Amino acid sequence: MGWYNKRLAKSLWVFHVSASPCNNCDIEILDLLTPRYDVERFGIKLVGSVRHADVLLVTGVINEKVAPLVRRLYKQAPKPVFVVGVGTCPTSGCCFKESYNTVERREDVIPFDLYVEGCPPKPEAMIDAIVKLVGVLNG
Amino acid sequence: MIAQAVFDVFVFPGVLFTAVLGLMAGWLDRKVSARFQYRVGPPLFQNFNDFFKLLGKETILVKSGVPWLFVAAPLAGFAVMSLVATAVGTALFSGRSAGADLIVVMYLLMLYSALIVLGGSSPGNVYSSLGAGREVKLLLADELPFILACLVPVIRSGYQLKLTAILAHQSEHGMLVGSVSGVLAFVVALLAVQAKMALPPFHIPEAETELVAGPFMEYGGPLLAFWKLDQFMMFVVFPFLLILLFWGGFPLAGLGVLWGVLKYLLILVLMIIIKNTNPRLRTDTAIAFFWKYLSPLALAAVVLAVLGV
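The listed protein sequences derive, respectively, from chains S and E. Here my numbering is used: position 30 in the first sequence is 30, and no number is missing along the way. Here my numbering is used: position 283 in the second sequence is 283, and no number is missing along the way.
None of these hints come from the bench; they were simulated from the model. Check each hint, because a few of them may be wrong.
[Stated by the list, open to error] Straight-line alpha carbon distances no greater than 27 Å define the calculated DSSO-like cross-link-like pairs of lysine-lysine that follow: (1) E:K63 x S:K79; (2) S:K45 x S:K122; (3) E:K31 x E:K275; (4) E:K275 x E:K137; (5) S:K45 x S:K75; (6) S:K75 x E:K63; (7) E:K275 x S:K45; (8) E:K31 x S:K45; (9) E:K63 x S:K65; (10) S:K132 x E:K31; (11) S:K6 x S:K79; (12) S:K75 x S:K65; (13) S:K122 x E:K31; (14) E:K275 x E:K292; (15) S:K65 x S:K97; (16) S:K79 x S:K45; (17) S:K132 x S:K45; (18) E:K31 x S:K6; (19) S:K97 x S:K122; (20) S:K122 x S:K132.
All of these numbers come straight from a predicted model, not from anything done at the bench.
Given the sequences, and given the hints that come with them, work out the whole structure.
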C-alpha cells in the first residue's frame with residue numbers, strides 16, 4: 001500500500017462540505033486556489049462532485065438539520081476518503097457549542113481525521129494541515 | 001501480421017503511446033492554464049498520480065441506475081479512443097491505415113460522444129442527465145461543420161477517403177493550410193475539435209458551475225479514471241488528426257521529427273489559448289455560432305476546394 005499511498009498523497013481532490021458555516025472559512029478555503037497560495041502545486045484540486053473526492057473539508061458547526069446530509073455525503077464518497085475539519089466550529093463548537101440545535105458529538109456524524117484551528121484559519125495553516133496529512137500518508 | 005496489429009493497437013500509436021503522451025499533454029494544458037492565471041501549476045507527473053490514485057479507489061454503482069451501461073460506457077469509450085488513436089497514428093507514422101479510413105474515424109468520434117450521452121444518462125441523476133442532454137446538443141452543433149471541414153482534404157486529394165492517400169497528396173503538393181480552402185477548413189475544424197473535446201468555451205456539458213461535473217458526476221474511482229484517460233487521449237488524437245488532414249503529416253526522418261513535434265505543440269497550445277481566453281457560451285449561442293457562422297464558412301471552403309483553390 002506504500003506505493004498507492006504516495007500516489008494518493010500527491011493527488012488529493014478536495015470536496016467542500018458546508019455544514020452550517022458562517023461562510024468565513026469557506027472564503028479562506030477558496031483563497032487556497034488563488035495565485036498567491038495555489039495548492040494545485042501539490043496536486044490538490046477542488047472538485048464539484050463528492051464521487052470524485054479524496055478529502056472532505058467540513059466547515060461550520062454541524063447542526064441537527066444538516067447532520068443527516070453530512071452523514072449521507074460521507075457515505076457517498078468513494079473510500080479511501082479523509083475528513084478535515086476547518087475552523088474552530090468543527091473543532092470545538094466555537095461560540096455555538098451551547099446552542100439548542102448543535103449536534104452533541106460531531107465525531108458521531110462524520111469521523112474527522114484532522115482539525116485546523118482558527119476562526120477562520122489562515123490559508124498557511126490549512127496548507128500546513130494538508131502537508132501533515134501528506135506526511136502521514138507517505139509514512 | 002497479427003503481431004503487428006496487436007503492437008499497433010496496444011503499444012505504439014495505440015493505447016500505451018497515446019495514453020502516456022496524452023497524460024503529458026494534459027499536464028501541459030494544466031501548466032499553461034496555470035501560467036495564464038499567474039499560478040505555478042501542478043508538477044510534471046501530476047496526471048499519472050491522478051490516474052493511478054483513481055484506479056485504486058472504490059467503485060460505487062448507483063441503485064437507481066442501469067449498472068451495466070454505467071460500467072460499459074467508459075470502457076467502450078476507452079476502446080473507441082484507442083481505435084481512433086491506432087487508425088490515425090499508423091497512417092501518420094508508418095503509412096499503413098490499420099484498415100480504417102476517414103469515414104471510420106469520424107464515425108468512431110461520433111460514437112464516443114454517444115457513449116458520453118449513454119454513460120451520463122445511465123445513473124438516473126438529474127444533473128448528470130442534463131449534462132448528457134447538453135452533450136447531444138453540442139454534438140448536433142459541431143458535427144456539421146466538422147464533417148464539412150474534413151471533406152476539404154478529401155476533395156483536394158482527388159476524392160480519396162483513405163488517410164494515407166490524403167497524406168500522400170499533401171507530400172506531393174504541399175500541406176493544405178497553404179491554400180485558401182485549407183486555411184478556412186483548418187480554422188473551422190480547430191473550433192469544432194474544441195467543441196468535440198468539450199473544452200472551454202464549449203464545456204457546456206460539463207459546466208462545473210451549474211451541473212457539477214455534467215455526465216461524469218456519478219462516476220468515481222476506476223471508471224472515472226477511464227473517462228479522464230479518454231479525455232487526455234483526445235489531446236493526442238485530435239491534434240494528430242488535424243496534422244494529418246491539414247498540416248502534411250509527421251515525417252519520421254532527420255529534422256522532420258522536430259518539425260512534426262513543433263506542429264503538434266503549435267496546435268495543442270492554440271487549443272489551450274482558446275480554452276483560457278474565452279468564457280463559456282450558452283447552448284443556444286454555441287449552436288448559433290456553429291450553424292450560422294462556421295457551417296457557411298466550411299461550405300465556402302468546400303466550394304473553394306471543388307474549384308481547386
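Hints versus structure:
Pair hint K63 (chain E) plus K79 (chain S) holds up; C-alpha atoms about 18 Å apart against a cutoff of 27 Å. Taken as a hint, the K45 (chain S) and K122 (chain S) pair is honoured in the structure, with Cα atoms around 19 Å apart against an allowance of 27 Å. With a CA separation close to 13 Å, the supplied pair K31 (chain E) and K275 (chain E) stays within the 27 Å bound. Distance check on the hinted pair: K275 (chain E) and K137 (chain E) sit about 20 Å apart at the alpha-carbon level, within 27 Å; holds.
For the suggested pair K45 (chain S) and K75 (chain S), the alpha carbons sit about 21 Å apart, so the restraint of at most 27 Å is met. For the suggested pair K75 (chain S) and K63 (chain E), the alpha carbons sit about 14 Å apart, so the restraint of at most 27 Å is met. Between K275 (chain E) and K45 (chain S) the CA atoms are separated by roughly 19 Å; this keeps the pair inside 27 Å, and the hint holds. Between the alpha carbons of K31 (chain E) and K45 (chain S) the distance comes to roughly 13 Å, so the proposed pair stays at or under 27 Å and holds.
For the proposed pair K63 (chain E) and K65 (chain S), the alpha carbon gap of about 25 Å is at most 27 Å, so the pair holds. Taking the CA atoms of K132 (chain S) and K31 (chain E), the gap is near 25 Å; set against the 27 Å cutoff, the hint holds. With a C-alpha separation of about 16 Å, the suggested pairing of K6 (chain S) with K79 (chain S) holds against the 27 Å cut-off. Our distance criterion of 27 Å between C-alpha atoms is met by K75 (chain S) and K65 (chain S), whose separation comes to about 17 Å.
Between K122 (chain S) and K31 (chain E) the CA atoms are separated by roughly 26 Å; this keeps the pair inside 27 Å, and the hint holds. For the proposed pair K275 (chain E) and K292 (chain E), the alpha carbon gap of about 21 Å is at most 27 Å, so the pair holds. For a cut-off of 27 Å, the pair hint linking K65 (chain S) to K97 (chain S) stands: about 15 Å separates their Cα positions. Between K79 (chain S) and K45 (chain S) the alpha-carbon distance is near 17 Å, which keeps this suggested pair within the 27 Å criterion.
For the hint pairing K132 (chain S) with K45 (chain S), the CA-to-CA distance comes to about 17 Å; that is within 27 Å, so the pair holds. With a CA separation close to 22 Å, the supplied pair K31 (chain E) and K6 (chain S) stays within the 27 Å bound. Between the alpha carbons of K97 (chain S) and K122 (chain S) the distance comes to roughly 22 Å, so the proposed pair stays at or under 27 Å and holds. For a cut-off of 27 Å, the pair hint linking K122 (chain S) to K132 (chain S) stands: about 16 Å separates their Cα positions.
Checked against the numbered hints given earlier, the structure satisfies every one of them.
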